[in-house]
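K.L.:
Here's the letter readout for the chains.
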Amino acid sequence: QSNVTIYGSFDGGVRHTTNVDAAGNNNLTMGSTGTYNSNRIGFKGVEDLGGGLNAHFTLETGFNTGTGALDAANTLFNRTAAVGLGGAWGSLDFGRQYTVAFKTIAAYDPFGYKYPGIADAVASSAGTRYNNDIQYIGTFGAVTARAEYALGEVPGDTGASSAKSIGASYADGPLALGGAYNIRQNATGTLDTNYWTLGASYKFGPARVSAGYVNQEAEQAVGADAKTRWMWAGVNYAISPAVELTGAFYKTKLTGATTGDKDNLMLGATYALSKRTNLYGLLTNKKFDGAARALSAGNARQRDIAVGVNHLF
Amino acid sequence: QSNVTIYGSFDGGVRHTTNVDAAGNNNLTMGSTGTYNSNRIGFKGVEDLGGGLNAHFTLETGFNTGTGALDAANTLFNRTAAVGLGGAWGSLDFGRQYTVAFKTIAAYDPFGYKYPGIADAVASSAGTRYNNDIQYIGTFGAVTARAEYALGEVPGDTGASSAKSIGASYADGPLALGGAYNIRQNATGTLDTNYWTLGASYKFGPARVSAGYVNQEAEQAVGADAKTRWMWAGVNYAISPAVELTGAFYKTKLTGATTGDKDNLMLGATYALSKRTNLYGLLTNKKFDGAARALSAGNARQRDIAVGVNHLF
Amino acid sequence: QSNVTIYGSFDGGVRHTTNVDAAGNNNLTMGSTGTYNSNRIGFKGVEDLGGGLNAHFTLETGFNTGTGALDAANTLFNRTAAVGLGGAWGSLDFGRQYTVAFKTIAAYDPFGYKYPGIADAVASSAGTRYNNDIQYIGTFGAVTARAEYALGEVPGDTGASSAKSIGASYADGPLALGGAYNIRQNATGTLDTNYWTLGASYKFGPARVSAGYVNQEAEQAVGADAKTRWMWAGVNYAISPAVELTGAFYKTKLTGATTGDKDNLMLGATYALSKRTNLYGLLTNKKFDGAARALSAGNARQRDIAVGVNHLF
Numbered sequence: 020q021s022n023v024t025i026y027g028s029f030d031g032g033v034r035h036t037t038n039v040d041a042a043g044n045n046n047l048t049m050g051s052t053g054t055y056n057s058n059r060i061g062f063k064g065v066e067d068l069g070g071g072l073n074a075h076f077t078l079e080t081g082f083n084t085g086t087g088a089l090d091a092a093n094t095l096f097n098r099t100a101a102v103g104l105g106g107a108w109g110s111l112d113f114g115r116q117y118t119v120a121f122k123t124i125a126a127y128d129p130f131g132y133k134y135p136g137i138a139d140a141v142a143s144s145a146g147t148r149y150n151n152d153i154q155y156i157g158t159f160g161a162v163t164a165r166a167e168y169a170l171g172e173v174p175g176d177t178g179a180s181s182a183k184s185i186g187a188s189y190a191d192g193p194l195a196l197g198g199a200y201n202i203r204q205n206a207t208g209t210l211d212t213n214y215w216t217l218g219a220s221y222k223f224g225p226a227r228v229s230a231g232y233v234n235q236e237a238e239q240a241v242g243a244d245a246k247t248r249w250m251w252a253g254v255n256y257a258i259s260p261a262v263e264l265t266g267a268f269y270k271t272k273l274t275g276a277t278t279g280d281k282d283n284l285m286l287g288a289t290y291a292l293s294k295r296t297n298l299y300g301l302l303t304n305k306k307f308d309g310a311a312r313a314l315s316a317g318n319a320r321q322r323d324i325a326v327g328v329n330h331l332f
Numbered sequence: 020q021s022n023v024t025i026y027g028s029f030d031g032g033v034r035h036t037t038n039v040d041a042a043g044n045n046n047l048t049m050g051s052t053g054t055y056n057s058n059r060i061g062f063k064g065v066e067d068l069g070g071g072l073n074a075h076f077t078l079e080t081g082f083n084t085g086t087g088a089l090d091a092a093n094t095l096f097n098r099t100a101a102v103g104l105g106g107a108w109g110s111l112d113f114g115r116q117y118t119v120a121f122k123t124i125a126a127y128d129p130f131g132y133k134y135p136g137i138a139d140a141v142a143s144s145a146g147t148r149y150n151n152d153i154q155y156i157g158t159f160g161a162v163t164a165r166a167e168y169a170l171g172e173v174p175g176d177t178g179a180s181s182a183k184s185i186g187a188s189y190a191d192g193p194l195a196l197g198g199a200y201n202i203r204q205n206a207t208g209t210l211d212t213n214y215w216t217l218g219a220s221y222k223f224g225p226a227r228v229s230a231g232y233v234n235q236e237a238e239q240a241v242g243a244d245a246k247t248r249w250m251w252a253g254v255n256y257a258i259s260p261a262v263e264l265t266g267a268f269y270k271t272k273l274t275g276a277t278t279g280d281k282d283n284l285m286l287g288a289t290y291a292l293s294k295r296t297n298l299y300g301l302l303t304n305k306k307f308d309g310a311a312r313a314l315s316a317g318n319a320r321q322r323d324i325a326v327g328v329n330h331l332f
Numbered sequence: 020q021s022n023v024t025i026y027g028s029f030d031g032g033v034r035h036t037t038n039v040d041a042a043g044n045n046n047l048t049m050g051s052t053g054t055y056n057s058n059r060i061g062f063k064g065v066e067d068l069g070g071g072l073n074a075h076f077t078l079e080t081g082f083n084t085g086t087g088a089l090d091a092a093n094t095l096f097n098r099t100a101a102v103g104l105g106g107a108w109g110s111l112d113f114g115r116q117y118t119v120a121f122k123t124i125a126a127y128d129p130f131g132y133k134y135p136g137i138a139d140a141v142a143s144s145a146g147t148r149y150n151n152d153i154q155y156i157g158t159f160g161a162v163t164a165r166a167e168y169a170l171g172e173v174p175g176d177t178g179a180s181s182a183k184s185i186g187a188s189y190a191d192g193p194l195a196l197g198g199a200y201n202i203r204q205n206a207t208g209t210l211d212t213n214y215w216t217l218g219a220s221y222k223f224g225p226a227r228v229s230a231g232y233v234n235q236e237a238e239q240a241v242g243a244d245a246k247t248r249w250m251w252a253g254v255n256y257a258i259s260p261a262v263e264l265t266g267a268f269y270k271t272k273l274t275g276a277t278t279g280d281k282d283n284l285m286l287g288a289t290y291a292l293s294k295r296t297n298l299y300g301l302l303t304n305k306k307f308d309g310a311a312r313a314l315s316a317g318n319a320r321q322r323d324i325a326v327g328v329n330h331l332f
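Protein chains in written order, with the working numbering: chain A, 20 to 332; chain B, 20 to 332; chain C, 20 to 332.
Just so you know, these hints were derived from the structure itself, not from any lab. Any given hint could be a false lead.
Repeated chains share a single entry, so a pair holds when one copy, or any two copies, can fit it.
[Said to hold, decoys possible] Subject to a maximum C-alpha distance of 20 Å in a straight line, what follows is the list of computed EDC-like cross-link-like pairs (lysine to aspartate or glutamate):
| # | residue 1 | residue 2 |
| --- | --- | --- |
| 1 | 294 | 67 |
| 2 | 306 | 90 |
| 3 | 294 | 238 |
| 4 | 272 | 282 |
| 5 | 294 | 191 |
| 6 | 294 | 66 |
Could you build all of it, start to finish, from the sequences and the hints given here?
P.N.:
Structure representation (structure tokens):
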């Protein structure tokens, strides 16, 4: 038992969203994988092997606030299942884990992956997690380097269904920078998706500004590549030790195979009851054009109001 | 890890039941969600926020003794997934949780929800648990007040699929009283189910007597309401600190849309090996008439013999 | 929390296998229930009841390294879900648990059930685990006796789908011996499968030799019984406290209803980074004839190379 730490996050609240279906109805919901912070319960451990070497693992389950259901059918450790070795040289991990792109973007998403189902940074992260992933991370001074190879497990074609990434982050005092490149193949190994991201954040006093850019080009069997660009900018402002405001604008732009735009303006506030528990509130105003209306059941606009409590354990 | 307590209950034993199928065969089984006490493993925690306020959560999994299977497919925390805040004013919780009716009846079910699949009190509890439930509980002296609103999450109709309840319990010395009212709507918001319960228990010396009544009226698309009444009375008697006998009679009465009766006479004994572990034994004699025979594969009678060990951890 | 111990094993690595499909393609994979040691996270506890008596339970989950998925859909505690009482007289357990044959063979499988999906000892163990199993184990000096009855839960026929076993193991100094007998019935109670196993291992200095034999005869609705014999021999050699080599040869022989052979030559090495973490490597050379080619997608040969890290917690 001393070898295992149990931790998690549990978010309870309600969300009101306009225009959730083709008829333009509103809905009031609680059921979600976490509105402000994604729900999780995890088991992790680190063993000191001596000589600076360690062995470590993480097993993390995602669940639904309103129903207690697993995030993904039969995938108990959908959020992370990874084991590896670490040392001064870095860490080498095997299993299901966050992508290099996801870890890179974390430094310059203004909402820091909060409101994962509402903000657009998670959607931009080249898949969020990969199965069968071998990932290296090394930190050398202000620089963190990352590389991964997610096995496709297709007999006779080691490229098919695989993903490969490299990335680097720089963090020094108030400044954080990051970038990543990723290439994925479809299940038959015939079509590539190319992906890159760049971004930065800068802190001054109680404020932090962040901006990011993602460019993805997915080859299609017929016709032009499907290009998706995500871009965003935002600011965090700590009014007091307990109260923080975050405002951000996310734009998603589809070109090539389909054409469309999503604009997502978000304004959030948190009130910390402790280091582990806060109250949160969010307002959004989302605009959808062209093919991006597939994200809004065909509607041109959606607005959200969400309030709740989030508890870390 | 210090933030999380792991707890649970595991019940192992065998049950012999007569007339389990249309051919009138008997069956000997172990597989169940717990014969005497329902199986569970849970994770819970409470954080002191200062000023009398706390944050708390419970995540509780149900599993099958004989197979290790989840009680409900893909619902990891089928028994409870709730997070909330508490204080002198009470507690406000969000998530999947026991209904107000269930918590009310607990005080006057002679078997105290033991033998959940055999005794009839669980079946009478207005759904046992609700998804997407917002629940308030406050205790003021001898009185506990409860109210809940379980979101229906149907776009454009906040009433459809929702459930609402209020309840109150009184506990003072040997006496416990309770009552609750509940109203639920079907998925299209066109049919209501009305529900109320009342009951009491009284302790004198080594004995406790309990009695309860539940009245439910479910509107039907065509024809009369389906009325179900559950009523029961029973007695617990502590022969010694280790040995307790419980006898109870549960009647279920269907009228209106269908007509039928179930009579369930139960006699149980427990022998405590410790505060956490006991041996148990149960005899039942169940009679089914009319539409209630749907509960017994068409048979007029069923008898159970169950023995086993239950361990709390 | 003090009542529950969390433990487990997590294996991360890659495996290259030749001839995995009818086209004779090779595959490189990570996804598995554990290549060297089967993945698990478990919760267990023992309560001292006084007078030498105890209550105990185990709940153990199996998961996939590459995906975090449950080993078996919706079966959270697929590896073990058992509760029981123990004392000087032995232990009596109820639930899903390893078969008597599995526990018997453990003493004379040279790979000690490592590489569970590659070595053939697990496949030979009369089902590995039974649902609804009542199992007795008692140890008296050098002898351990085992007996089990796994309920079939078929109404009207207590024999159908049931399994019954007896077994005995002897362990004294360098010598270990074991044998078990098992009989299973099919779901209609019309066909029996008879099974027995015998084996031994002997340690001298840094080496241990093991050999085992299993004979299974499954009645068929039409025609001759399907006979399967598994036989193996192997040696472990500890080159140093940290390095161990294991070599073994497993033969599977099908006769009667179908005819075929599988030969499996395995050579493995482990390097212990600590008592809890090791690096492993494996080479195999497998030959398939006749009906045994159903195990190799019709191919006459398969070879494996596997390397990885295994961490116990």
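K.L.:
The structure should be examined with respect to each hint, and the outcome stated for every one.
P.N.:
Structure-based check of each hint:
In this homomeric assembly, residue 294 and residue 67 come within 20 Å of each other (Cα to Cα) only across copies, at 11 Å, whereas the closest approach inside a single copy is 28 Å. Taking CA atoms no more than 20 Å apart as the test, residue 306 paired with residue 90 passes in neither setting, with 27 Å inside one copy and 42 Å between copies. When the C-alpha separation of residue 294 and residue 238 is checked against a cutoff of 20 Å, the pair qualifies neither within a copy, at 45 Å, nor between copies, at 49 Å. With identical chains, the CA atoms of residue 272 and residue 282 are at most 20 Å apart within one copy only, with a shortest distance of 9 Å there and 58 Å across copies.
With identical chains, the CA atoms of residue 294 and residue 191 are never at most 20 Å apart, being 24 Å at best within one copy and 39 Å at best between copies. Proximity of residue 294 to residue 66 under the C-alpha cut-off of 20 Å is restricted to the inter-copy arrangement: shortest distance 10 Å between copies versus 27 Å within a copy.
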